[in-house]
Amino acid sequence: MTEASTIAVSAEAGQPVGGQADEGRSLASDAWRQLKGNPIFWVSVSLITLFVVMALVPQLFTNVDPGAAVLKEARAEPGADAWFGRDIQGYDIYSRTVYGARASILVGVFSTLATVVIGLVMGVLAGYYGGFLDTLVSRVTDIFFAIPLLLGGILFMSTFPNDQNTPYLVVVGKVVLVLSVFGWPSIARLMRSSVLQVKPNDYVQAARALGASPWRIIRSHVMPNALAPVIVVSTINLGVFITAEATLSFLGIGLTPPAVSWGVAISDALVAVRTYPHILLFPSLFLSLAVLAFIMLGDAVRDAFDPKSR
Amino acid sequence: MRGLTRTVTMVAGISTVALLAAACGGGSGDKATSSSAGGKAGGAVTVRGCNPQNPLIPSNTTETCGGNVLDAITAKLVHYNPETGAPENDIADKIDTTDNQNFTVTIKKGYKFQDGTEVKAKNFVDAWNYAAYGPNAQSSGYFMEPIEGFGDMQCAGTDAEDPCKGFTPKAKTLTGLAVKDDYTFTIKTTEKVSNMPVRLGYSAFSPLPDTFFSDPKAYGEKPVGAGPYKLDSWTKNTEIKLSKFADYSGKFGGKLDAITFKIYQDADAAYTDVQANNLDVTDEVPSSAMIDDKYKTDLPDRNAQKAVGVIQTITFAPVKVDPNYADPKIRQAISMAIDRPTIIKQIFNNTRQPATGWVSPVVDGYKANACGEYCTFDAAKAKAKLDEAGGFKGGKMTIAYNADASHKAWVEATCNSIKGALGVDCVATPVVDFSTFRGNIAAGKQKGMFRTGWQMDYPSIENFLAPIFKTGASSNDGKYSNPEFDKLLTEAAASTDAAQANQKYQEAEALLANDMPAIPMWYSTATFGWSDKVTGVKITAFGTIDFSSLALK
Amino acid sequence: MYKYILRRLIQMIPVLLGATFIIFVMVYALPGDPTIGLCGERPCPAAFVAEFRDKHGLNDPFLVRYFTYMGNLLHGDLGTNFRDLAVVDELKLRYPTTAKLAGMAIVFETVIGIIAGVLAGIRKGRFIDNLVLVSTLFVISIPIFVIGVTLQYYFGLKYPIFPATVGSDVTYYKLLLPAFVLGSASIAYVARLTRTNLVENLRADYLRTATAKGLTRRRTLSVHALRNSLIPVVTFIGADFGGLLGGAIVTERIFNIQGVGGFLFTGIRNRDPVSVVGTVTVLVLVFLIANLLVDLLYGVLDPRISHD
Numbered sequence: 001m002t003e004a005s006t007i008a009v010s011a012e013a014g015q016p017v018g019g020q021a022d023e024g025r026s027l028a029s030d031a032w033r034q035l036k037g038n039p040i041f042w043v044s045v046s047l048i049t050l051f052v053v054m055a056l057v058p059q060l061f062t063n064v065d066p067g068a069a070v071l072k073e074a075r076a077e078p079g080a081d082a083w084f085g086r087d088i089q090g091y092d093i094y095s096r097t098v099y100g101a102r103a104s105i106l107v108g109v110f111s112t113l114a115t116v117v118i119g120l121v122m123g124v125l126a127g128y129y130g131g132f133l134d135t136l137v138s139r140v141t142d143i144f145f146a147i148p149l150l151l152g153g154i155l156f157m158s159t160f161p162n163d164q165n166t167p168y169l170v171v172v173g174k175v176v177l178v179l180s181v182f183g184w185p186s187i188a189r190l191m192r193s194s195v196l197q198v199k200p201n202d203y204v205q206a207a208r209a210l211g212a213s214p215w216r217i218i219r220s221h222v223m224p225n226a227l228a229p230v231i232v233v234s235t236i237n238l239g240v241f242i243t244a245e246a247t248l249s250f251l252g253i254g255l256t257p258p259a260v261s262w263g264v265a266i267s268d269a270l271v272a273v274r275t276y277p278h279i280l281l282f283p284s285l286f287l288s289l290a291v292l293a294f295i296m297l298g299d300a301v302r303d304a305f306d307p308k309s310r
Numbered sequence: 001m002r003g004l005t006r007t008v009t010m011v012a013g014i015s016t017v018a019l020l021a022a023a024c025g026g027g028s029g030d031k032a033t034s035s036s037a038g039g040k041a042g043g044a045v046t047v048r049g050c051n052p053q054n055p056l057i058p059s060n061t062t063e064t065c066g067g068n069v070l071d072a073i074t075a076k077l078v079h080y081n082p083e084t085g086a087p088e089n090d091i092a093d094k095i096d097t098t099d100n101q102n103f104t105v106t107i108k109k110g111y112k113f114q115d116g117t118e119v120k121a122k123n124f125v126d127a128w129n130y131a132a133y134g135p136n137a138q139s140s141g142y143f144m145e146p147i148e149g150f151g152d153m154q155c156a157g158t159d160a161e162d163p164c165k166g167f168t169p170k171a172k173t174l175t176g177l178a179v180k181d182d183y184t185f186t187i188k189t190t191e192k193v194s195n196m197p198v199r200l201g202y203s204a205f206s207p208l209p210d211t212f213f214s215d216p217k218a219y220g221e222k223p224v225g226a227g228p229y230k231l232d233s234w235t236k237n238t239e240i241k242l243s244k245f246a247d248y249s250g251k252f253g254g255k256l257d258a259i260t261f262k263i264y265q266d267a268d269a270a271y272t273d274v275q276a277n278n279l280d281v282t283d284e285v286p287s288s289a290m291i292d293d294k295y296k297t298d299l300p301d302r303n304a305q306k307a308v309g310v311i312q313t314i315t316f317a318p319v320k321v322d323p324n325y326a327d328p329k330i331r332q333a334i335s336m337a338i339d340r341p342t343i344i345k346q347i348f349n350n351t352r353q354p355a356t357g358w359v360s361p362v363v364d365g366y367k368a369n370a371c372g373e374y375c376t377f378d379a380a381k382a383k384a385k386l387d388e389a390g391g392f393k394g395g396k397m398t399i400a401y402n403a404d405a406s407h408k409a410w411v412e413a414t415c416n417s418i419k420g421a422l423g424v425d426c427v428a429t430p431v432v433d434f435s436t437f438r439g440n441i442a443a444g445k446q447k448g449m450f451r452t453g454w455q456m457d458y459p460s461i462e463n464f465l466a467p468i469f470k471t472g473a474s475s476n477d478g479k480y481s482n483p484e485f486d487k488l489l490t491e492a493a494a495s496t497d498a499a500q501a502n503q504k505y506q507e508a509e510a511l512l513a514n515d516m517p518a519i520p521m522w523y524s525t526a527t528f529g530w531s532d533k534v535t536g537v538k539i540t541a542f543g544t545i546d547f548s549s550l551a552l553k
Numbered sequence: 001m002y003k004y005i006l007r008r009l010i011q012m013i014p015v016l017l018g019a020t021f022i023i024f025v026m027v028y029a030l031p032g033d034p035t036i037g038l039c040g041e042r043p044c045p046a047a048f049v050a051e052f053r054d055k056h057g058l059n060d061p062f063l064v065r066y067f068t069y070m071g072n073l074l075h076g077d078l079g080t081n082f083r084d085l086a087v088v089d090e091l092k093l094r095y096p097t098t099a100k101l102a103g104m105a106i107v108f109e110t111v112i113g114i115i116a117g118v119l120a121g122i123r124k125g126r127f128i129d130n131l132v133l134v135s136t137l138f139v140i141s142i143p144i145f146v147i148g149v150t151l152q153y154y155f156g157l158k159y160p161i162f163p164a165t166v167g168s169d170v171t172y173y174k175l176l177l178p179a180f181v182l183g184s185a186s187i188a189y190v191a192r193l194t195r196t197n198l199v200e201n202l203r204a205d206y207l208r209t210a211t212a213k214g215l216t217r218r219r220t221l222s223v224h225a226l227r228n229s230l231i232p233v234v235t236f237i238g239a240d241f242g243g244l245l246g247g248a249i250v251t252e253r254i255f256n257i258q259g260v261g262g263f264l265f266t267g268i269r270n271r272d273p274v275s276v277v278g279t280v281t282v283l284v285l286v287f288l289i290a291n292l293l294v295d296l297l298y299g300v301l302d303p304r305i306s307h308d
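Chains as they are written, first to last, in the working numbering: chain V, 1 to 310; chain Y, 1 to 553; chain B, 1 to 308.
Chain V extracted, bound-state conformation (with noise of 0.2 Å):
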């Protein structure tokens, strides 16, 4: 976006990466050294493995139907027949939250790798090349990031309603989309001015004395130094996906059943926030969950990486 963002921020950048001094050590081996002995990553890698079980074969916790509605015993507090008791409808909100983990999930991960993907790509184009594909990405960057999430996703949405017939991968898909086109621009910026700080320093320019292509110098020093902002931004961002998915249910126009998700669950639970907490409780305990143990990892994997931080 910016042209001040030229200047390194960091005056330190300018050292040479340490691990890459040592002969037969790749980066990733030596971030992966440093990992192991992080007891937040294992944390972490046990959380989000759990959710991705659950996402992927919720049977396994739960033999409850989802979608069984038992209305006589509607808002039930927890209790041995339904765990986390009954939501409005009655569904057992045990069973709903374990489904629900899948299109949370689903949004949350695909939409944050949509945007990294995006926004590395534009951001590298912009910060490395420079001159007039720098403006013209920039632009088109910044329209993008003029444009809110929520406005872009609430006329989104409205344009491609779901009917009755939307099969549900299309459903959860138009949403990763809608946050991906709206949420890239952020990533690229972080990306670009990344780019901006590593390229001035001497190893870079040495690299290209020696004739490097500009994709070994993009792979092997430019991405170790840039990475790490957007890592941290990332993976906050994936629980923000996850959230965002949540406003856009509450709006009305978010996923339709019969996808279940947290976000739904959340929104659905509103009504009885004042006088059955336990309704909304259970759905945001989770979503709370997996956004941390992203959020943890993400940090745990931008230390590792990080060469400054050794």
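Quick caveat, the hints were computed from the structure, so don't treat them as lab data.
Yeah, the Cβ is synthetic: ideal placement off N, Cα and C, and Gly gets one too.
Certain hints may be false.
Said to hold, decoys possible - Restricting the straight-line Cα-Cα distance to at most 16 Å, the calculated cross-link-like pairs of lysine to aspartate or glutamate (EDC-like) are:
1. K165/Y / E51/B
2. K188/Y / D96/Y
3. K419/Y / D65/V
4. K222/Y / D169/B
5. K236/Y / D84/B
6. K241/Y / D169/B
7. K55/B / D162/Y
8. K72/V / D292/Y
As the list claims (entries may be wrong) - To spell it out: a stretch of chain B is covered by chain Y in this simulated footprint if at least three of its residues, at any positions, have a beta carbon under 8 Å from a beta carbon of chain Y; those stretches are:
9. 84-92
10. 162-175
Following the hints, put chains Y and B in place on chain V, whose structure we already have.
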């Protein structure tokens, strides 16, 4: 009808109960019955308002937001009793007819418009002619349809988009209207209409002052009526201020000096303000406060409920659009598979009454149990009925609703009930918003079942049957057509005896049970809440605030 | 310096054009007819529909509508919307309210976020660091409407410390609670960005030099480390300002604030391109100017940056 408008019901989640009150009966009320009221005269109150969709012209206002305001400003020939909904003469001294086709209206002397001019017979005739004239494009012009000469005033141009393009209707006035003298005029209808006097309380029949015709646009910004309150200022999207009209000579005046409609985007915010005493009356209690009757503890002795003329139904797409539901047995099976009492208890906290027919109990002529066993939940019978019809061929059933209002909970519960009883998958299908939803229905693109609601224009059994189920009627979403039904309606309209007319209407209603063009779900109740500053809060049969009894403590 | 500002201002033009075009296309592409629903559940009479369509130019082809609109825009005419309101008057009425709300939200997120971030950064790995991590995370993971409704209930009604809703006479006091709600999600971003950058800068050579010189810890922190760490934070806040203005849709609804969020949402619901595009044009302009200011602020925070 006064539609369930978009503005107020935009957000699903924490938003509104389905009921949005209609207009009519604003500045009215029988002082004798306001015993519980008391309260002092004078003072100012604030009430919940919403954004009028159009300029405030009586014949161009068909939604509640503008209608609520107009009803406090205008006086009509008759006015509806706030308790019973029965018509009582207001400006009319008497409305005479011997044959239900020729009516002579005599108006009282001394009624004044808020611009100082007197209300005369010609003000009615001019206003109705204006409403009926096609090129004026008034949204409630169709209320004039029964009057003779209406057809000749409509556009019939060749342009598909705009029938008025390059076309001038044959007549500019209704031949059925004639001014006899300043205080008398006559109405002649094309066909016999037994409930004409009842209809005349609808705001489209308000008289308009002469100044209106010179500048309708200015009038729309600052309407002038002959009612108990006059409009002082209208700050768009924020508030509409009314004050007492000193020269009001009717008997339905109010105690308050000033009424301010504060415009809210969301019923929850209005309700919150009432709890905090920042707003005096809200005509909507949000569903979040309905659970476990929370509003009764939130607002102890500051709440009230009343049955209003609204019915919620589920309509089947026309057979041409979706043949899977064509067999009446399948329709009856679905209706019997819906556990209305449990849904009402769990989703609406008993703020609805299970419907037993297609007509609201608040109107004259209502007869219980028109739907009979088909509206009583019985899973076994429902399944048997479906098997009798040879099962459902369409795969899964769907009930569509507009996602911008809080319909999701009950539609989903209804679907679950159907699924449980019939063993056929049923999916609650949101359509993004009201405009798209109605657009799909109008274009014949909405398959399966969809939600429909009807709020009466005027308190008559006829209003629940003719506009919805008569062949080609304007709100006949299911394209229902039954010659026998139409014939009974015509006979009823011709009947000069009210009881006899009602009986014919009831016979017509009974036919609906055989064909099930729509499934009756429940009758609505309006729930009000108010601050501890006001007293005498009463709800009219239209679900609006009765301003004649409202007062400060 | 002036040349730089001028160049940036010129660059705004394509961005503005692009953003308004995208929004215009999207509103235009919305399914549904704007005249449906104007007359309640009964369809409007054909003549009414025709007059409405004609008055608002709905029958014109897309490009005609777009260029008519943009032509008027050049003359500073934002048009009149479907309710016959001049959009410019609406915006004059509503932008100050939303700007106040967003401004206060920024103050909240900056002050709380930076304090939390600094505390976490200088005590990396300790209890306070984890506390900040968990609490900001907690806020991020709750959708804004849940935060809004919950806080409104507890602090507006149950323990009425703050006014529960805002209404038409807007005061700063009334906006406190909504502004906090609006800014809450961003607090986490600010805190995390501050922490991350502070931790990096604390290890930097120039800080070691500063410490070696014998400067107090307070001075090394505030003058050297923090100032450098704030640059990405400032970028974020600049970018967030535009987002907050748009994101106010939900907050404004819950607290009944008559701002642009509600206007925008109603505009989309009514398929009213004039309302939506007008609002977004101003939104984008505010956003671009905020970003320009942020870039100029860089020069102040980091003397190595110059705009010549």
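Do the hints match the structure? See the list:
Among the hinted pairs, K165/Y with E51/B is consistent with the structure: their alpha-carbon atoms are about 10 Å apart, no more than 16 Å. Restraint check: the Cα-Cα separation between K188/Y and D96/Y comes to about 12 Å, which is no more than 16 Å; the hinted pair holds. With a CA separation close to 13 Å, the supplied pair K419/Y and D65/V stays within the 16 Å bound. Annotation: proposed proximity of K222/Y to D169/B is violated, straight-line Cα distance about 23 Å (limit 16 Å).
Using a Cα cut-off of 16 Å, the hinted pair K236/Y and D84/B holds, with the two alpha carbons roughly 10 Å apart. Simply put, K241/Y and D169/B have alpha-carbon atoms about 15 Å apart, close enough for the 16 Å limit, and the pair holds. In summary, the hint linking K55/B to D162/Y is supported, as the alpha carbons are separated by about 12 Å, within the 16 Å threshold. Distance restraint check for K72/V and D292/Y: the Cα-Cα separation of roughly 14 Å lies within the 16 Å cut-off, and the hinted pair is therefore satisfied.
Counting residues of the region 84-92 of chain B whose beta-carbon sits less than 8 Å from any beta-carbon of chain Y gives 3, enough to reach three: the coverage restraint holds. With a cut-off of 8 Å between beta carbons, the region 162-175 of chain B has 5 residues touching chain Y; three or more are needed, and the interface restraint holds.
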